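Asks: What follows is each chain in one-letter form.
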Amino acid sequence: MFLLEHDAKTLLAQHGVAVPQGTLLEQVAIEDDGFPPGPWVVKAQIASGGRSKAGLIRTAQTAGELQSQLRGLLGATHKGMTVRACRVETQISAAAETYLSFMLDPVAAGVRVIVAAQGGVDIETLAATPGAVRRATVAPHLPELAAQMTKLTAGFAPHLANALNDAGSALAKVFLEAELALLEINPLFVRPDGSWLAGDAKIVADDNALYRQPWLRKLLGNRAVAYVEAQRKLQHGCDYVVVDPDGEIGLLTTGAGLSMMLIDELRAAGLKPYNFLDVRTSGLRGDPARLVSVLNWIAEGRRVRILLVNIFAGITDLGEFAQLLLAAFERAPHLRIPVVARLIGTRSEAACELLASRNIPVVTDLGAAIDQVKHHLAR
Amino acid sequence: MINPRIDRSTRVIVQGITGRAGRMHSRMMRDYGTTVVAGVSPASDGGNVDGVPVFTSCRNAVAATQAAASVVLVAAEHLLGAIEEAVEAGIKLIVTPAEGMPVHDALRARRLTQAAGATWIGASTPGIAVAGQAKLGFLPEASLAPGPLGLMSRSGTLSYESGYRLAQRGIGTSVWVGVGGDPVKGTRFAELAPFYAADALTRALLVIGEIGGTEEEELAAALTAQRFAKPVFALIAGRSSPEGVTMGHAGALVHGSHGGYAAKKAALERAGVQVCASLDEMTEAIAAWHAAAPYNPT
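If you read the protein sequences in the order shown, they are chains A and B. Position 240 (the first sequence) corresponds to 432 in the working numbering; numbering is contiguous. Position 265 (the second sequence) corresponds to 877 in the working numbering; numbering is contiguous.
Each statement offered as a hint is correct.
What follows is a list of derived Cβ distance ranges for each label pair:
#, chain 1, residue 1, chain 2, residue 2, range
1, A, A460, B, A833, 27 to 35 angstroms
2, A, N551, B, G663, 44 to 52 angstroms
3, B, R671, A, K410, 34 to 42 angstroms
4, A, T321, B, K842, 34 to 42 angstroms
5, B, G663, A, G429, 30 to 38 angstroms
6, A, N551, B, D892, 24 to 32 angstroms
7, B, A810, A, H207, 47 to 55 angstroms
8, B, P758, A, T321, 48 to 56 angstroms
9, B, A833, A, Q219, 46 to 54 angstroms
10, A, T321, B, R671, 48 to 56 angstroms
11, A, H207, B, R632, 34 to 42 angstroms
12, A, Y403, B, P758, 38 to 46 angstroms
FYI, nobody ran anything at the bench for these hints, they're computed from the structure. Fair warning: this is a prediction, and the values are worked out from it, not measured in the lab. Think of the CB as a built atom: it goes at the ideal place given N, C-alpha and C, for glycine as much as any other residue.
Hey, can you work out the whole structure from these sequences and the hints?
Replies: Shown next, in the form of structure tokens:
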């Protein structure tokens, strides 16, 4: 999961990594106590790159300017995401901007280290200058990573090389201990005295490691509103994403790939799916609770007019699934819309019979199911 | 070279056979034709599961049965240890279906299986199958018919749907490999290209990819470098997915232009792959190829 910058920097600070002094604001602050010293940078907290280009990172010299920048940013939308919070931090001046990142290298099965003496712009732009970006992949162990840093920074101005080597050891430790997939610091500020701090922080954490990473569990607990999907997966054991708030078709589907493809095909046909879902039928274990939750979430879609159920089950007993589905409808009375079901797998006859008794048509062909959805929407 | 070919004579152990999933899938794999020779459970009292003897370690199981492959049906947090144990016992083909393996564990597992020259398929995979012979994992029978098409997929369900539609049209698969939905995995698309190029029973290849990561781009480079001579078809899920949101699979995450649909499609097309926009288009394209190249194995 992609961490918002504020949470990434909080994690770094907990590991003793220097970051600009900053605070998270979810509303335009009336009083100015609690602010770090100015002048400031006001940074919109959304899970997207290219915030500078999009005008989502601004500066402020006075408290008045700060408030007006916050007013402009909070509630703004970018790529369908709404800015719910800004990090306000002390602007860093008179420092060189360098680049440092660690990421998993899934091919070489190691950690890829990338450094550049000049940072501040995105890495693709940096890489356009021959020799500007240096990279290597090493085994996922601290001594190897530290040794590699020294090799990669050879030839840099001494104060930059020293700062990058020092930062490299500190950040490699965080990368390994916190079990991160990506840790990118761009820019990494280096002051003339050789001290350094992380100007920005892009972190992808591993929610599969949550059970042994207490900081991540705590983050999801404290900041649930910022990580709705991850929180939901943890609580309910399924993946659910609203892909179009104005969508008309609720999807009760299993399997990530097939659910993604179904959304692609519905859109290509000019239809408007509301949500992505991998319900994981094999994890229901005879309890309709997860299905009830899903139906209630879908009921929040104001324009949702039909529910399409698509289950291609390798192992799920569809007779049992149909029973659970009917029980879930009983317990989710807010969702009163027509249902089209497409089921393939063991005991599909039993499922057909059960669902037919409640006027839910069951088909085996996905194209036929989509046609029925179209037919309903055209009414 | 990575070699996922299995048949009825492949001797298979199931690690975690006494668990709920272990029991069920051992039975289903045997029903399909897989030769399950032993199970492993550290707490075994020397008993059996449905007649399959259960050993306390992989080493003992392999010593007693000369097993060559393992299906690991343990929870995600125990996968690394189980893979380590299988490798140490000399197992050369390891399939791990569980979802949710910590990614740093996956990195270690990839290192140790590579160092041992073992093939690791997974994690987060429905498994592999040679239709009509054997399956390791839980690919559904409705999707499995023997035929000339190699199939490799990051998604389980989308491959079930694809295999099912093709089987309905009388087109079956040669070797089916679910590489799994995780970002760090044992076997990647590109690493299977030499196998499919050399496999005499595979006459064309279907690749089922999705957004996120770089596997499709790596495959495109490998096909070009190897001058892969068989027809390749591709289906890529997620072209309308929002940026920055993980779509079910941990590997299906787009940031900026990285991992996006357009780049994957372009790379594959440059390598001569026919990228299909929908399941119907994919089915029709493969059916057209199949009709033009009739095949009668003798």
